[in-house]
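According to our numbering, the sequence shown holds residues 1 to 102 in order.
Everything labelled a hint here was simulated from the structure, so no lab data went into it. Incorrect hints may appear among the rest.
To be verified - The calculated lysine-lysine pairs, modelled on DSBU-like cross-linking and capped at a C-alpha distance of 35 Å, are:
(1) Lys9 <-> Lys80
(2) Lys33 <-> Lys54
(3) Lys30 <-> Lys58
(4) Lys9 <-> Lys58
(5) Lys54 <-> Lys13
(6) Lys3 <-> Lys94
(7) Lys3 <-> Lys30
(8) Lys13 <-> Lys30
(9) Lys53 <-> Lys9
(10) Lys53 <-> Lys80
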Amino acid sequence: MTKAEVITKISDKTGIQKDDVTQAIEAFFKVVKDSMAEGENIYVRGFGSFINKKRAKKIARNISKNTAIVIDEHYIPAFKPSKVFIEKIKNSKKIKQLAPQD
Numbered sequence: 001m002t003k004a005e006v007i008t009k010i011s012d013k014t015g016i017q018k019d020d021v022t023q024a025i026e027a028f029f030k031v032v033k034d035s036m037a038e039g040e041n042i043y044v045r046g047f048g049s050f051i052n053k054k055r056a057k058k059i060a061r062n063i064s065k066n067t068a069i070v071i072d073e074h075y076i077p078a079f080k081p082s083k084v085f086i087e088k089i090k091n092s093k094k095i096k097q098l099a100p101q102d
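Please model the complete structure; the sequences and the hints are all you need to start from.
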């Protein structure tokens, strides 16, 4: 599902104009990105958490040149779904139909 499809679906369910929904979605994404860039985590009860995960310093190999590369400690954005979200997916009948049968 694309962002445009999400906007259309929200507009259809709420009756809010697509332009207004687009502005709200874009504002939400901007707040998430700006807040995380400042080192803040975002917690949305019942949905999940947008967190900055710390990656330790490590030594990697460039196999084409056979040299060692030092990758400094850094942070990456991550999403951790809430227990409610996880349970909804686990109990989804559509997802179970898509799963390969053993």
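Hint by hint, here is what the structure shows:
no.	hint	in the structure
1	Lys9 <-> Lys80	holds, 24 Å
2	Lys33 <-> Lys54	holds, 16 Å
3	Lys30 <-> Lys58	holds, 31 Å
4	Lys9 <-> Lys58	violated, 44 Å
5	Lys54 <-> Lys13	violated, 38 Å
6	Lys3 <-> Lys94	holds, 21 Å
7	Lys3 <-> Lys30	holds, 14 Å
8	Lys13 <-> Lys30	holds, 23 Å
9	Lys53 <-> Lys9	holds, 31 Å
10	Lys53 <-> Lys80	holds, 11 Å
Violation of the numbered hints given earlier is confined to hints 4 and 5; the remaining hints are satisfied by the structure.
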